[in-house]
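One point on numbering: in the numbering used here, the residue at position 28 of the sequence shown is 28, and numbering is uninterrupted.
These aren't lab readings, by the way, just hints derived from the structure by calculation. Mixed in with the good hints, there may be bad ones.
Claimed, not checked - Below, a list of computed lysine to aspartate or glutamate pairs in the EDC-like style, where the Cα atoms sit at most 20 Å apart:
1. K15 <-> E116
2. K15 <-> E51
3. K140 <-> E51
4. K3 <-> E92
5. K140 <-> D7
6. K70 <-> D9
7. K70 <-> D7
8. K3 <-> E116
9. K3 <-> D75
10. K140 <-> E89
11. K15 <-> E92
12. K3 <-> E51
13. K140 <-> D75
14. K3 <-> E147
15. K15 <-> E103
16. K3 <-> D47
17. K3 <-> D72
18. K140 <-> D9
19. K70 <-> D47
20. K70 <-> E147
21. K70 <-> E103
22. K15 <-> D75
23. K140 <-> D47
Unchecked claim - Derived Cβ-Cβ restraints for the label pairs, each shown as a range:
24. A105 <-> R31: 33 to 39 Å
25. A136 <-> V101: 15 to 21 Å
26. S25 <-> S106: 31 to 37 Å
Predicted model, so just to flag it, every value in this text is computed and none were measured. In this text, a Cβ means the ideal position worked out from N, Cα and C, and glycines have one as well.
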Amino acid sequence: MAKYIADLDRTGNIKGVGTVSQPASALHRFRVYEAFVGLGVAVVPTDVVREWQIITITAAATGTTVTSAKVDPADGAATMIALDVITAEGTESTILSTRAVHERASYTWVFYPGTELVFPVTNLIGCKLMQSASSATVAKGNILFDE
1 MAKYIADLDR
11 TGNIKGVGTV
21 SQPASALHRF
31 RVYEAFVGLG
41 VAVVPTDVVR
51 EWQIITITAA
61 ATGTTVTSAK
71 VDPADGAATM
81 IALDVITAEG
91 TESTILSTRA
101 VHERASYTWV
111 FYPGTELVFP
121 VTNLIGCKLM
131 QSASSATVAK
141 GNILFDE
């Protein structure tokens, strides 16, 4: 399976940092094996805790299409659709993981082999990296996946 990195940004007053989902034209299973989230460089952090989540989506969000980077340059382009600068959240479903993290810290989820988040062959199903509540704070994130 080819591996890809979706580099994501949140700039508006919304929960989502970004999504990765299946397009109707290229349905196949994909797995998330790592995710990262933190605040943007222009943010002056305060002493608060932010709750970050990875959640299943069952209908696509609206945002800016991101070209996912290939981990191995010999692989073809990713067929999964990555979005950031989310303007409409999409349909959220199951919370897969939640972490409360101090705002001055970043957080990396690593799903070891055999524990990756696996998404079935279903139109528009995917995952979203998000904060549990809307925030205007600029955030950065990555979703690393294979397909």
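Okay, the hints, checked on the actual structure:
| no. | hint | in the structure |
| --- | --- | --- |
| 1 | K15 <-> E116 | 23 Å, violated |
| 2 | K15 <-> E51 | 11 Å, holds |
| 3 | K140 <-> E51 | 14 Å, holds |
| 4 | K3 <-> E92 | 25 Å, violated |
| 5 | K140 <-> D7 | 8 Å, holds |
| 6 | K70 <-> D9 | 18 Å, holds |
| 7 | K70 <-> D7 | 11 Å, holds |
| 8 | K3 <-> E116 | 13 Å, holds |
| 9 | K3 <-> D75 | 8 Å, holds |
| 10 | K140 <-> E89 | 17 Å, holds |
| 11 | K15 <-> E92 | 11 Å, holds |
| 12 | K3 <-> E51 | 27 Å, violated |
| 13 | K140 <-> D75 | 25 Å, violated |
| 14 | K3 <-> E147 | 7 Å, holds |
| 15 | K15 <-> E103 | 15 Å, holds |
| 16 | K3 <-> D47 | 36 Å, violated |
| 17 | K3 <-> D72 | 7 Å, holds |
| 18 | K140 <-> D9 | 5 Å, holds |
| 19 | K70 <-> D47 | 36 Å, violated |
| 20 | K70 <-> E147 | 11 Å, holds |
| 21 | K70 <-> E103 | 30 Å, violated |
| 22 | K15 <-> D75 | 32 Å, violated |
| 23 | K140 <-> D47 | 19 Å, holds |
| 24 | A105 <-> R31: 33 to 39 Å | 26 Å, violated |
| 25 | A136 <-> V101: 15 to 21 Å | 18 Å, holds |
| 26 | S25 <-> S106: 31 to 37 Å | 34 Å, holds |
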